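Order-wise, the sequence lines are chains A and B. Here the first sequence stands for residues 0 to 324, numbered as in numbering that gives the first Met the number 0. Here the second sequence stands for residues 0 to 366, numbered as in numbering that gives the first Met the number 0.
All clues stand as given, with none of them false.
List of simulated lysine-lysine pairs, DSS-like, C-alpha gap at most 30 Å:
| id | chain 1 | residue 1 | chain 2 | residue 2 |
| --- | --- | --- | --- | --- |
| 1 | A | 180 | B | 273 |
| 2 | A | 305 | B | 332 |
| 3 | A | 194 | A | 218 |
| 4 | B | 209 | A | 21 |
| 5 | B | 15 | B | 277 |
| 6 | A | 320 | B | 366 |
Honestly, the hints are just simulated from the structure, not real lab data. Because the structure is a prediction, the values reported are computed rather than measured.
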Amino acid sequence: MKVMNLVQAINDALDIKLAEDKNVVVYGEDVGVEGGVFRVTEGLQLKHGADRVFDSPLAESAIAGTALGMAIAGMKPVIEMQFDGFVYPAMNQILSHLSRFRNRTRGKFSVPAVIRIPYGGGINALEHHSESPEAYFGHTPGLKVVIPSTPYDAKGLLIAAIEDPDPVIFMEPKRIYRAIKQEVPDEKYSIPLGKAKVLSAGEHVTVIAYGAMIREAQKAIVLAKQKGISVELIDLRSIWPIDRDTIRESVRKTGRVLIVTEAAQSYGPAAELISIVNEEAFLSLEAPPTRLTGFDTTIPLPLGEKFYMISPERIMFEIEKLVRY
Amino acid sequence: MFNEETLNKYKPIDNKIFSLIDDEGKPLDKKWQPSLSKDAIIKAYKDLLFERTADYMAISYQRQGRMFTYPPNLGQEAIHIASGMVLKNEDWLVPAFRELGAWLAKGVSLKEIFLYFKGNEDGSRFQAANRMLPVSVPIASQLVHAAGIGYAMNYKQEKAAVFAYVGDGGTSEGDFHEALNFAAVWNAPVVFIVQNNQFAISVPLRMQTKSINLAVKGVAYDVPSIVVDGNDLFAMYEVLEYARNHAISGKGPMLIEAKTFRVGAHTTSDDPTKYRTKEEEEAWAIKDPLKRLKGYIAHNKLHDFANENALIAEFKKKIDAEFEAAEQHGDYKLDDVFGYMYEELPSELKRQKNALENYYQNSGGAK
Chain A
0 MKVMNLVQAI NDALDIKLAE DKNVVVYGED VGVEGGVFRV TEGLQLKHGA
50 DRVFDSPLAE SAIAGTALGM AIAGMKPVIE MQFDGFVYPA MNQILSHLSR
100 FRNRTRGKFS VPAVIRIPYG GGINALEHHS ESPEAYFGHT PGLKVVIPST
150 PYDAKGLLIA AIEDPDPVIF MEPKRIYRAI KQEVPDEKYS IPLGKAKVLS
200 AGEHVTVIAY GAMIREAQKA IVLAKQKGIS VELIDLRSIW PIDRDTIRES
250 VRKTGRVLIV TEAAQSYGPA AELISIVNEE AFLSLEAPPT RLTGFDTTIP
300 LPLGEKFYMI SPERIMFEIE KLVRY
Chain B
0 MFNEETLNKY KPIDNKIFSL IDDEGKPLDK KWQPSLSKDA IIKAYKDLLF
50 ERTADYMAIS YQRQGRMFTY PPNLGQEAIH IASGMVLKNE DWLVPAFREL
100 GAWLAKGVSL KEIFLYFKGN EDGSRFQAAN RMLPVSVPIA SQLVHAAGIG
150 YAMNYKQEKA AVFAYVGDGG TSEGDFHEAL NFAAVWNAPV VFIVQNNQFA
200 ISVPLRMQTK SINLAVKGVA YDVPSIVVDG NDLFAMYEVL EYARNHAISG
250 KGPMLIEAKT FRVGAHTTSD DPTKYRTKEE EEAWAIKDPL KRLKGYIAHN
300 KLHDFANENA LIAEFKKKID AEFEAAEQHG DYKLDDVFGY MYEELPSELK
350 RQKNALENYY QNSGGAK
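Please build the complete structure, drawing on both the sequences and the hints.
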């Protein structure tokens, strides 16, 4: 066991898979010599060689498209989009090809590629460095979308993502890259994709969140406890596939649900989750399923983020409304 | 003066670099005389010094925690100042994010620039700058906008050029190639300026392309292209002036590769010691654009530098005042988040905004 933050845990997962499977390669912008702008791939080029961990030319569409080529030819590319807002040039490849190749070729070719994307706001960054584009991927048939919130999960989920036979979008909450430390086993382990995790059991309200919002929700739970409200917190972990079983079980018990996402509201992950709640637990509901999301605005530059980013107090405000309903 | 004949002598495939002064600022061709007046040369020098001073101040504000990320221009200023000398009010400036001196020449205020890099969109209003686009972070994406503007200038029969900037890394993006192709096919009056500062964050040019230079990429699109010494203000001025005339006289786009070096970090979040050597930095320090222009001026006794410290002190005062103005800019308001998404605020956005206001009213001061 070592105490690791998310950056170290992701690095560890990559290191293990690079050592274990010669078909794994890691590439993208600045991931080689520099070890990534967030240092996630630090040391990997030195250890595994420049033909396996390398800097590509600067072109996100080609980074994603070449990953498809490598994947269908028997390799396991793990590529990095430097920031959330830089993935858009690659959307054509991801939406038109990576997600569809298996179906288009009736299963003859599959695309076992992983696209890592540091995502989310709250880091005082320039434009296009603070976005939450998970809904685009969750909406695209053929992709799996994974978001860890802890170092332990990050390692296990990334190993599972690399071993998955289909394309996985692996989104990393950069705001908490170094904020959370946790004991992480040295050995290889994997966490199944599509399985949520109940982080704390509770009776009155279910809160469903993922990524950096987990930490805010955990702070809100402390506030709720002070008022005698018992909250069950579900870390979704996979945006797609969605773990209906865990959601059903929890909401049938609590009767109240709040979904918290940093992503913009309309057609976002919270809308999908509320539909699932309605389908699975309608007769158990004591209050309308509620969402607390980013606004339907461009995420503001740093000075405006205080309005956009969701605070524990705002989560608590919604929890109380649900309980009082 | 740079003309078609000169252009033909510098074919990108031959990999020759158009340069007029040496590292000391002495003319490479003894018969060469600048087309710029003495006053214009002195002004260019002062503008370059101002840009550099502003940059150092910006880095210092950032280190004091008074500004977030900032991309320094150090070492690339000759490209920006020469651009500013050529750009006319009716011309368009389509920036990437590292062209400070050109922005200032276009009428952008330092206050706005500081405000933007402090993290406020108000810094992109550019109230006194005509036809100036905001910073474009997605690499090379702005170049296709430039081709579109160029089409519009032709369509509207306006004699105006579009100055569009990108870095060396950006030439690997599809948008770079698509923009060159569109501009060529449309005969659009676009001057594409590649600031080849040798690094795309940590990635050196040799890993970015196998081409012998970046200008050669324009040849296949039939865009007249040239490699220019980007640290030579005179060379940059002459080529840019030629390219503007070329564009507005209906001859279409040009591609200028300005060879330079990013002396500072990619941004204040970056640490160049991770990926480049002291030797490389020192080799380029000899080619510093300010030093070379100063050398030219000194050799020709155009100006007395005795008062330079006083001049820098005056610049610093002015820059500080602009920074203070940015700090005094009003608080970021909730309306600033919602107010500019659509011409009219849709009811759903009104609802979302009201929900937050309602929260503030009931939260007992919590945010």
